[in-house]
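Model the placement of chain B on the given structure of chain A, informed by the hints.
One letter stands for each residue in the lines below.
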Amino acid sequence: MAQFKWKQIGFACAFVGALWACGGNSPDTPAPTPTNPADQASSDRKAMLTNIADNIIVPSYANFKTKFDLMLTKSDAFAVKPDKASLTDFRQAWVDAYTEWQKVELFDVGPAEQNTLRNFFNIYPTDVTGIEAYVTAGTGAFDVPASYPKQGFPALDYFINGLGTTDDAIVARYTTAADAAKRLAYLKRLTTQMNTQFSSVYTAWTTGGYRDTFINCTALNAGCSTSKLVNGYVLNYERYLRSGKFGIPSGAMSNGTVSPDKVEAYYKKDLALTLAKTAHQATVDFFNGKGVKTGQEGPSLKTYLNSLGAKDSSTGASLVDIINKQFEAVNQQLTTLKPNLSDEIKTNDAAVVLVYTQMQKAVRMLKVDMTTVMSITITYTDNDGD
Amino acid sequence: MLAYFRKTTSAAPLAVFRLLFGLMLFGSIVRFWSRGWIEELYIKPRYFFPFYGFDFVHPLGSYTYVLFAVCGLSALLVAIGLFYRVAIVSLFVSFTYIELIDKSTYLNHYYFTSMVCLLLIFLPANTYFSVDAFRRRTLLAGQIPAWCIDSLKLFVALLYVFAGLAKLNSDWLLNAMPLRIWLPAHNDLPVVGFLFNDHRIPYAFSWFGCLYDLSIPFLLWNRPTRPWAYVAVIVFHGLTALLFPIGMFPYVMILTALIFFSANFHLAVIRQISNWLSIPTTFLLAHRAYTYQPIIANLIRVVFVVFFIIQLLFPFRYLLYPGELFWTEQGYRFSWRVMLMEKAGYAQFTVKDNLGHRTIVNNTEFLTPLQEKMMSTQPDMLLQYAHLLRDYYAQHGYHNPEVYVDSYVALNGRLGKPLISPDINLASEQESFAPKTWITSFDDKIYGF
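Protein chains in written order, with full-length UniProt numbering: chain A, 1 to 386; chain B, 1 to 449.
Calculated from the structure, these hints are not laboratory results. Hints are supplied without guarantee of correctness; some may be wrong.
[Stated by the list, open to error] Under the rule of at most 30 Å between Cα atoms (straight-line distance), these lysine-lysine pairs were calculated in the DSS-like manner:
#, chain 1, residue 1, chain 2, residue 2
1, B, K445, A, K277
2, A, K228, A, K84
3, B, K445, A, K361
4, A, K325, B, K445
5, A, K346, B, K417
6, A, K228, A, K81
7, A, K228, A, K346
[Stated by the list, open to error] Incomplete in silico selection of chain A near chain B, CB under 8 Å:
#, residue
8, T218
9, A219
10, L220
11, M253
12, S254
13, K290
14, S313
15, R364
16, D369
17, T372
Where a beta carbon is used, it is the ideal one built from N, C-alpha and C, also for glycine.
Pulled out of the complex, with its shape left as it was, chain A reads as follows (with noise of 0.2 Å):
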């Protein structure tokens, strides 16, 4: 290689730099939308990050556990003396706490992905059978997956809500109940385990650096956190809010056959569609960077996506917009629901298929659409590509 001079080296690189340059300044082509610097600034996904995890999660998580923490006394108050008052006192609590678990299930990543917050939590339909064998036996494992529909908000629907048809009835499988106290112990048992795993996650959140971790991980790849940020809150939206909610128990997903017993809070009756509508609201307000505590919205997917000039080729709609219309129609069609979801499935339907319905066409726009110009991959591996 001996004529491989310096002088041909350079001559090489302002060659390449003059390529670049020409590149760079191909004027006849038309630009997209100019970038001015706001935009500039809303592409940065540190700024998004930050918004995120200071303005959005760690504040529901800190409200999630304001109202989990009352639910643990009112139980642990019930334990000591079950009676109607102190049933209702755990009841409201409960009822408060699930519907405030709605505004954090979808957040699946750093520290809920890794425990699997949402198999300790909210899986459903409870499975009665198992957990009644795990009441008798006095022990059983906590922690494989079938051991997921025995534990969680679901569990305790069956424990306080669906033992008995009245009042009284269910006090008295706590009091006077041959295995009253082996209840008493699983009751105890099901509240532990939940805020075992909530610590766990809320004090890396708080004391354990990870919102530190996750604002800094700010490459677009797999392991990073808007990359595991999207994924999770894609298939939030998919599997438990669009299918789990509505999909499976109106039958739109399988076979056709309704299965009102597996709405949410089955036993509850009245619930099912408040915790559908607090779940839709938080990831609409997600999606839009609403900050919990201020109202205000901040930098999030919408002005990342905006920042990209996300649109629609064909009439110029901003992608956002599109998006966000879609959940107004979702909202809409919520809004015709009565509370009883399980009585809905059984005598109107159509209505709640519709949903299911409206929620899809949501899907594939944050699954699809979105993801696209964000350049995340849904399904993601590490393998090549080219």
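Showing chain B alone in chain A's frame:
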């Protein structure tokens, strides 16, 4: 023409190419193995997507490891030039077999590797600086027919030119797609990150990439421009390695481009290696010219001419199909179309029969995430999967199951739309080379190649 076929040249470039190519393939196999991808891609999946006409290719279960071991060992033997003929045939067969198992793993540079192995079967790459020649000095030859090296150069040139031609389309040049989507993903890189927020940068990369592909073979072939063309090779492929998850491809191309360098350059490389290994210099002085037996020579020329005619025509087969190539992907593979599309999709299948059975398929029960991702945007894979579902449900109580798909695909930043007509029963559609009428129309125009 005949005079050209009689021309001889130094065997050194081919020897160095054989060495580097073999080592690189060996390295690729080791990398693939160590990342657990054999398990991930060829053992764990329950179903596979063989290529049309190659349905007899099956994964070998845990023996797939043996297949990879054979492939790796063959690559190593090719590199050092030991039992060359057997090794290169075994390398071609094992490597190609692996690549034929599942379409989901198709990459253009695997196809490139397969084709180079095929060419190498017919080339005298072991006559110089090889263990074979060291053991059997009668084989040793310092000169080989010039067309042997030129054919490799031609093949590399074809790859680049076709890759460049494929970039001459309106999405790439006028909309900077898909780079406009991919580059902002790197706006958090230190120092240069902010550049990727600039909307001119994707245009610069697109135009430079296109010019590079179209011109680089000629700049490498032409002696005065060669050194700085090679600098461009390193810069270009280095950048792509940095920015995109494309594995070994950049390094394969950086080393392959050395084939264009002069005999003196390669002799210098060989002398240097010999110094390190204390190989006697007498082994390097070989003046004999390798000649094929006349009959074999004629046969090989015919094979090569046919090979290159096919290679020249194959990328244009898409012209035989109606519709937009990027949308239908009929004639997309095996055509050096690299990094041209950001295509994402979603496919939800419904299986039903006339007995009232009906179910919505959960794809994760059948496919790996990679397979699902690939299947949801490629019509031939959608059809294969539909047939797989048809057969599965037929065995599970469905009577003549019908399979429908609710598909949604976004291409190069356009909003998504159905790729397959939702009212088509895919269970009764047949795979063939004929145009697939059940693919929806693209309703947009991408101009150019």
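Check: With 8 Å as the cut and Cβ atoms as the points, is T218 of chain A at the interface with chain B?
Finding: Cβ of T218 of chain A sits 4 Å from chain B, so the hint holds.
Margin query: Tell me if the straight-line CA distance from K346 of chain A to K417 of chain B falls inside 30 Å.
Written below: Roughly 34 Å between the alpha carbons, so the hint for K346 of chain A and K417 of chain B is violated.
Next item on the list: Decide if the proposed pair is consistent with the structure: K228 of chain A and K346 of chain A, CA atoms, cutoff 30 Å inclusive.
Entry: Not OK: K228 of chain A and K346 of chain A at ~38 Å, beyond 30 Å, violated.
Check: Holds or violated: S313 of chain A as interface residue toward chain B, Cβ cutoff 8 Å?
Finding: Where the cut-off is 8 Å and the nearest Cβ of chain B is about 6 Å from S313 of chain A, the hint holds.
Checklist line | Cut-off 8 Å, beta-carbon criterion: hint that S254 of chain A touches chain B | finding: Since the shortest Cβ distance to chain B is 6 Å, the answer is holds.
Checklist line | Holds or violated: K445 of chain B to K277 of chain A, with C-alpha atoms at most 30 Å apart | finding: Violated, because 41 Å separates the two Cα atoms, which is more than 30 Å.
Check: Holds or violated: M253 of chain A as interface residue toward chain B, Cβ cutoff 8 Å?
Finding: Status holds, d = 5 Å.
Item checked: Restraint check, 8 Å cut-off on beta carbons, for K290 of chain A near chain B -> Where the cut-off is 8 Å and the nearest Cβ of chain B is about 24 Å from K290 of chain A, the hint is violated.
Margin query: Please verify whether K228 of chain A and K81 of chain A have alpha carbons no more than 30 Å apart.
Written below: 44 Å, violated
Next item on the list: Identify whether the interface hint at T372 of chain A stands, where standing means a beta carbon of chain B within less than 8 Å of its own.
Entry: 4 Å, holds
Check: Given R364 of chain A as an interface hint, is the shortest Cβ-Cβ distance to chain B below 8 Å?
Finding: 4 Å, holds
Next item on the list: Verify the interface restraint on L220 of chain A: the C-beta must sit less than 8 Å from at least one C-beta of chain B.
Entry: 4 Å, holds
When the structure is compared with the earlier hints, violations turn up for hints 1, 2, 5, 6, 7, 13 and for no others.
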